[in-house]
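Chemist: Given chain A's structure and the hints, the job is docking chain B onto it.
There are 2 protein chains.
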Amino acid sequence: MTARSRSILDMNAFQGIAGGDALLARRLANFGAASVLFYDQPIELVRGRGQWLEAADGTSYLDFYNNVMSVGHCHPHVTAAITAQVSELTINSRYLHPKVETYLEQLKATLPVALSNAVLCCSGSEANDLAMRIAMKATNARGFIVTEAAYHGNTRAVTEISPASWTRGGCPEHVRIVAAPTVAAYGADPGAGFAAAIATASADLKAAGFGLAAFICDSILSSDGVHADPPGFLAMAADAARAAGGLCIADEVQPGFGRTGAGMWGFSRHGFVPDIVTIGKPMGNGYPIAGVVTRPELLAQFCEDTGYFNTFGANPVAAAAGLAVLEVIRDEGLIANAARRGDALLSALRDIAARSDRIAAIRGAGLFLGIEMSGPDAGVTVRCMTEAMRARRILIGAAGRFGETLKLRPPLSLTEEDAEFFLKGFAEALDGLPATQ
Amino acid sequence: MTARSRSILDMNAFQGIAGGDALLARRLANFGAASVLFYDQPIELVRGRGQWLEAADGTSYLDFYNNVMSVGHCHPHVTAAITAQVSELTINSRYLHPKVETYLEQLKATLPVALSNAVLCCSGSEANDLAMRIAMKATNARGFIVTEAAYHGNTRAVTEISPASWTRGGCPEHVRIVAAPTVAAYGADPGAGFAAAIATASADLKAAGFGLAAFICDSILSSDGVHADPPGFLAMAADAARAAGGLCIADEVQPGFGRTGAGMWGFSRHGFVPDIVTIGKPMGNGYPIAGVVTRPELLAQFCEDTGYFNTFGANPVAAAAGLAVLEVIRDEGLIANAARRGDALLSALRDIAARSDRIAAIRGAGLFLGIEMSGPDAGVTVRCMTEAMRARRILIGAAGRFGETLKLRPPLSLTEEDAEFFLKGFAEALDGLPATQ
Chain A
1 MTARSRSILD
11 MNAFQGIAGG
21 DALLARRLAN
31 FGAASVLFYD
41 QPIELVRGRG
51 QWLEAADGTS
61 YLDFYNNVMS
71 VGHCHPHVTA
81 AITAQVSELT
91 INSRYLHPKV
101 ETYLEQLKAT
111 LPVALSNAVL
121 CCSGSEANDL
131 AMRIAMKATN
141 ARGFIVTEAA
151 YHGNTRAVTE
161 ISPASWTRGG
171 CPEHVRIVAA
181 PTVAAYGADP
191 GAGFAAAIAT
201 ASADLKAAGF
211 GLAAFICDSI
221 LSSDGVHADP
231 PGFLAMAADA
241 ARAAGGLCIA
251 DEVQPGFGRT
261 GAGMWGFSRH
271 GFVPDIVTIG
281 KPMGNGYPIA
291 GVVTRPELLA
301 QFCEDTGYFN
311 TFGANPVAAA
321 AGLAVLEVIR
331 DEGLIANAAR
341 RGDALLSALR
351 DIAARSDRIA
361 AIRGAGLFLG
371 IEMSGPDAGV
381 TVRCMTEAMR
391 ARRILIGAAG
401 RFGETLKLRP
411 PLSLTEEDAE
421 FFLKGFAEAL
431 DGLPATQ
Chain B
1 MTARSRSILD
11 MNAFQGIAGG
21 DALLARRLAN
31 FGAASVLFYD
41 QPIELVRGRG
51 QWLEAADGTS
61 YLDFYNNVMS
71 VGHCHPHVTA
81 AITAQVSELT
91 INSRYLHPKV
101 ETYLEQLKAT
111 LPVALSNAVL
121 CCSGSEANDL
131 AMRIAMKATN
141 ARGFIVTEAA
151 YHGNTRAVTE
161 ISPASWTRGG
171 CPEHVRIVAA
181 PTVAAYGADP
191 GAGFAAAIAT
201 ASADLKAAGF
211 GLAAFICDSI
221 LSSDGVHADP
231 PGFLAMAADA
241 ARAAGGLCIA
251 DEVQPGFGRT
261 GAGMWGFSRH
271 GFVPDIVTIG
281 KPMGNGYPIA
291 GVVTRPELLA
301 QFCEDTGYFN
311 TFGANPVAAA
321 AGLAVLEVIR
331 DEGLIANAAR
341 RGDALLSALR
351 DIAARSDRIA
361 AIRGAGLFLG
371 IEMSGPDAGV
381 TVRCMTEAMR
391 ARRILIGAAG
401 RFGETLKLRP
411 PLSLTEEDAE
421 FFLKGFAEAL
431 DGLPATQ
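Listed in order, the protein sequences are those of chains A and B.
Heads up, the first sequence is in my numbering, so the first residue is 1 and it goes up one at a time.
Heads up, the second sequence is in my numbering, so the first residue is 1 and it goes up one at a time.
Bound conformation, chain A alone (with noise of 0.2 Å):
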């Protein structure tokens, strides 16, 4: 197994150097360095249909990991309306288009009433880099608080602010971390804990001249390793944020649009309303697009400095995608769906996790689940599981800081027949580890 490197970005990518395979060879002359692959021996895809995903040499594999083709991989009624639209019209938003507004209405329907304001981009990245510069307009301050596995996305500004990302020169000057809310980390009350954490953190920014501008976190905290209970700890966070003048950022890209089951949103299972929230991957189940949505002052504030126009954002090709994808989850009881499967999941892998020793916990919400894996080689059991599992024809993922955490997104269309697939396998894998030192 080759070594995995810390410039990957989710903590469960290997860089594919097997050789003599001819499409792994022309893809690491066109990638070069920046190529970044899954497994020992990458996968080659070729079709994808609603939970399952089917390589090159015929294998079939349920998808238990890629977030965003969320309602299920080419599902009908997404592809049907990306096919109209593509066939009728792509234009930037500079002409009107009512299906943007109509996108736009619906998805605001889903927020809370006071973010009415949308600007539609291309990725999370974009998203929030967006967010970030909001915010420091409106506290004029330069600092943020970030959770210490987080990953926000790739741009320069967004990269700052993405522990998870850094693999020399460490924290930048403005950037604050704090750990994940854990026993572990801040004892009994880690909700308690994790909000002190944060004014200390705001404190020190403060003092040294930046200010807070905002915390921004993960509402699941997924690149940290899936951190969903108790519900409320991130309005004890955001509280702590705001009476240190700073904002609250919910990076709903990965845990939004229905995944944790619990509404639309994993904000809304802690109860309180961010400042500004970021949204994407799963937002058009595979269609570039991502959004940023807050209130209409703070956009206001922003655009004094600078305006912001997205080439390819917020067109109707993208709206339509959008629109589909809220469509679906809403004809299909896609969020039930998810808390439902996830809650039978969540109560399966804590009756197996009590017969093991080699899970330390089980995580998570609806169908955004972590499983920790114990002891001091914990990462390295992940990236035996994470393969263990390829080979039973089931594709996972790793998160955590120390990459100690399966991570497990399948499509929110799972049924019961896939759960139980996935169960024998995760069981299977478990009990096929070798042992430890």
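For the record, the hints were derived by calculation from the structure and aren't laboratory data.
Mixed in with the good hints there might be a few duds.
[Unchecked claim] Each computed SDA-like pair below joins lysine to any residue, with the alpha-carbon atoms no more than 20 Å apart:
no. : chain 1 : residue 1 : chain 2 : residue 2
1   : A       : 137       : A       : 174
2   : B       : 137       : B       : 301
3   : A       : 108       : B       : 24
4   : B       : 108       : A       : 23
5   : B       : 206       : B       : 190
6   : B       : 137       : A       : 169
7   : A       : 137       : B       : 172
8   : B       : 137       : A       : 170
9   : A       : 137       : B       : 268
10  : B       : 108       : A       : 28
11  : B       : 137       : A       : 172
12  : A       : 137       : B       : 167
13  : B       : 108       : B       : 354
14  : A       : 108       : B       : 22
15  : B       : 137       : A       : 168
16  : B       : 108       : A       : 169
17  : B       : 108       : A       : 29
18  : B       : 108       : A       : 22
19  : A       : 108       : A       : 333
20  : A       : 108       : B       : 28
21  : B       : 137       : A       : 137
22  : A       : 108       : B       : 23
23  : B       : 137       : A       : 171
24  : A       : 108       : B       : 25
25  : A       : 108       : B       : 29
26  : A       : 108       : B       : 196
27  : A       : 137       : B       : 171
28  : A       : 137       : B       : 173
29  : A       : 206       : A       : 196
30  : A       : 424       : A       : 387
31  : B       : 137       : A       : 156
32  : B       : 137       : A       : 166
33  : B       : 206       : B       : 166
34  : B       : 137       : A       : 173
35  : B       : 424       : B       : 359
36  : A       : 137       : B       : 166
All values reported here derive from a predicted model rather than from experimental measurement.
Modeler: Relative to the frame of chain A, chain B by itself:
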């Protein structure tokens, strides 16, 4: 006519604040202060075919502006490619897919052989953001030189090198601007003057402790007002930047993919090889795709410090769209068409200009043309012309530091009949201009 906001990026967008229209009211409620619309009465578009756009009121407009749908609106070959792939598989690049590699190989075949690594992303902004960081790592410097009305995108880092977006606060301390290569700015030898200005700016950045990371330039200086001649000035500019230890980044987001009629890329007219090339807008004929192409060692140096993964970049649908665009450019001879139609338009416009004191200069290459209006009120004249052309069913835009230049970028599939329609409308609009004060 409403006042042009300085916060608007490409010098020709007007805030649509006229009331009474239900769709416009929805738009303003959704977009808030970030709403950027063309024309005093914005246009609702419903359909695009080839060079033509159809509005909701049934009016057909000849599109002489929107350079994203560069091979023609809803080109059937591109539409078919997107439809087929979106029905089969959308997946990220951590798995292998042959279409992605085929696309990159065909793309690289159009570029200098030294630039053999590519990173695909979603927008020109993401591409330029990444290019800046590659240059900073390679040079261990932080300074950038840009042209005085440049626009390179909308991320935080890229906005800092985009004078067209600055409304308050002026030039960041790590940035130096140089005037476009004109006789007005530099005298009889604008190319030499431009290069000398870069040398001076480099020395200044060095003295200020920033050093020179890169000189970055749109290879047709689009937002500076379209400056194509004399061919070769960019080679001298690149030499000056390299002599100061910096790299040269060719921003081909606007002029790339055959638009200048002299090969696939704007820089090839100037006879030099950039260190980094950024591409975007017309790359997928409307599908969000962009990229950075560079030498492997520059990318490898960057990846020592941080990985780069882009969720939507290099997905097979993006590759299918990009591949189809390359095929259409080749199969329909669009570069030759851009050269032929562009030469004819230049010639006809120069004939008109010779008879009109309202035109200061005609510039451009291929189907990227600029018409600089004369006099101290040239910006007002440009706005009058833009509205007058709209009344004649022709969409154009504006560019230049003071919005003094009409910007023309019709689809590369422009026909002789289209060109005649444009020229007739242009002559009428010019004749209809109110007399100067």
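Chemist: Decide, hint by hint, whether the structure agrees.
Modeler: Results for each hint:
1. Among the hinted pairs, residue 137 of chain A with residue 174 of chain A is consistent with the structure: their alpha-carbon atoms are about 15 Å apart, no more than 20 Å.
2. Distance restraint check for residue 137 of chain B and residue 301 of chain B: the Cα-Cα separation of roughly 7 Å lies within the 20 Å cut-off, and the hinted pair is therefore satisfied.
3. Between the alpha carbons of residue 108 of chain A and residue 24 of chain B the distance comes to roughly 17 Å, so the proposed pair stays at or under 20 Å and holds.
4. A threshold of 20 Å between alpha carbons decides the hint, and for residue 108 of chain B with residue 23 of chain A the separation of about 16 Å falls inside it, so the pair holds.
5. Restraint check for residue 206 of chain B and residue 190 of chain B: not satisfied, since their Cα atoms lie roughly 24 Å apart, outside the 20 Å limit.
6. For the hint linking residue 137 of chain B to residue 169 of chain A, the alpha-carbon distance of about 12 Å falls within 20 Å, and the restraint holds.
7. A threshold of 20 Å between alpha carbons decides the hint, and for residue 137 of chain A with residue 172 of chain B the separation of about 16 Å falls inside it, so the pair holds.
8. Among the hinted pairs, residue 137 of chain B with residue 170 of chain A is consistent with the structure: their alpha-carbon atoms are about 16 Å apart, no more than 20 Å.
9. Using a Cα cut-off of 20 Å, the hinted pair residue 137 of chain A and residue 268 of chain B is violated, with the two alpha carbons roughly 41 Å apart.
10. Between the alpha carbons of residue 108 of chain B and residue 28 of chain A the distance comes to roughly 14 Å, so the proposed pair stays at or under 20 Å and holds.
11. With a C-alpha separation of about 16 Å, the suggested pair residue 137 of chain B and residue 172 of chain A falls inside the 20 Å cut-off, and the hint holds.
12. Under the criterion of a C-alpha separation no larger than 20 Å, the hint pairing residue 137 of chain A with residue 167 of chain B is consistent with the structure, at around 14 Å.
13. Between residue 108 of chain B and residue 354 of chain B the CA atoms are separated by roughly 42 Å; this puts the pair beyond 20 Å, and the hint is violated.
14. For the suggested pair residue 108 of chain A and residue 22 of chain B, the alpha carbons sit about 18 Å apart, so the restraint of at most 20 Å is met.
15. Distance check on the hinted pair: residue 137 of chain B and residue 168 of chain A sit about 12 Å apart at the alpha-carbon level, within 20 Å; holds.
16. The suggested pairing of residue 108 of chain B with residue 169 of chain A is violated, with an alpha-carbon distance near 33 Å, which exceeds 20 Å.
17. Using a Cα cut-off of 20 Å, the hinted pair residue 108 of chain B and residue 29 of chain A holds, with the two alpha carbons roughly 11 Å apart.
18. Of the supplied pair hints, the one linking residue 108 of chain B and residue 22 of chain A holds, its CA atoms being roughly 18 Å apart against a limit of 20 Å.
19. Our distance criterion of 20 Å between C-alpha atoms is met by residue 108 of chain A and residue 333 of chain A, whose separation comes to about 19 Å.
20. Taken as a hint, the residue 108 of chain A and residue 28 of chain B pair is honoured in the structure, with Cα atoms around 14 Å apart against an allowance of 20 Å.
21. Note on residue 137 of chain B and residue 137 of chain A: the hinted pairing is violated, with a Cα-Cα distance of about 28 Å set against a maximum of 20 Å.
22. At roughly 16 Å between alpha-carbon atoms, residue 108 of chain A and residue 23 of chain B fall within 20 Å of each other, so this suggested pair holds.
23. The hinted pair formed by residue 137 of chain B and residue 171 of chain A meets the criterion: a straight-line CA distance of about 17 Å does not exceed 20 Å.
24. Restraint check for residue 108 of chain A and residue 25 of chain B: satisfied, since their Cα atoms lie roughly 16 Å apart, inside the 20 Å limit.
25. Annotation: proposed proximity of residue 108 of chain A to residue 29 of chain B holds, straight-line Cα distance about 11 Å (limit 20 Å).
26. Under the criterion of a C-alpha separation no larger than 20 Å, the hint pairing residue 108 of chain A with residue 196 of chain B is inconsistent with the structure, at around 52 Å.
27. With a CA separation close to 17 Å, the supplied pair residue 137 of chain A and residue 171 of chain B stays within the 20 Å bound.
28. With a C-alpha separation of about 19 Å, the suggested pair residue 137 of chain A and residue 173 of chain B falls inside the 20 Å cut-off, and the hint holds.
29. Restraint check: the Cα-Cα separation between residue 206 of chain A and residue 196 of chain A comes to about 15 Å, which is no more than 20 Å; the hinted pair holds.
30. Among the hinted pairs, residue 424 of chain A with residue 387 of chain A is consistent with the structure: their alpha-carbon atoms are about 15 Å apart, no more than 20 Å.
31. Pair hint residue 137 of chain B plus residue 156 of chain A holds up; C-alpha atoms about 12 Å apart against a cutoff of 20 Å.
32. Using a Cα cut-off of 20 Å, the hinted pair residue 137 of chain B and residue 166 of chain A holds, with the two alpha carbons roughly 14 Å apart.
33. Between residue 206 of chain B and residue 166 of chain B, the direct Cα distance comes to roughly 23 Å. Violation of the 20 Å bound is thereby established for this hinted pair.
34. The suggested pairing of residue 137 of chain B with residue 173 of chain A holds, with an alpha-carbon distance near 19 Å, which does not exceed 20 Å.
35. Taking the CA atoms of residue 424 of chain B and residue 359 of chain B, the gap is about 16 Å. The hint holds against a cut of 20 Å.
36. Between residue 137 of chain A and residue 166 of chain B the alpha-carbon distance is near 14 Å, which keeps this suggested pair within the 20 Å criterion.
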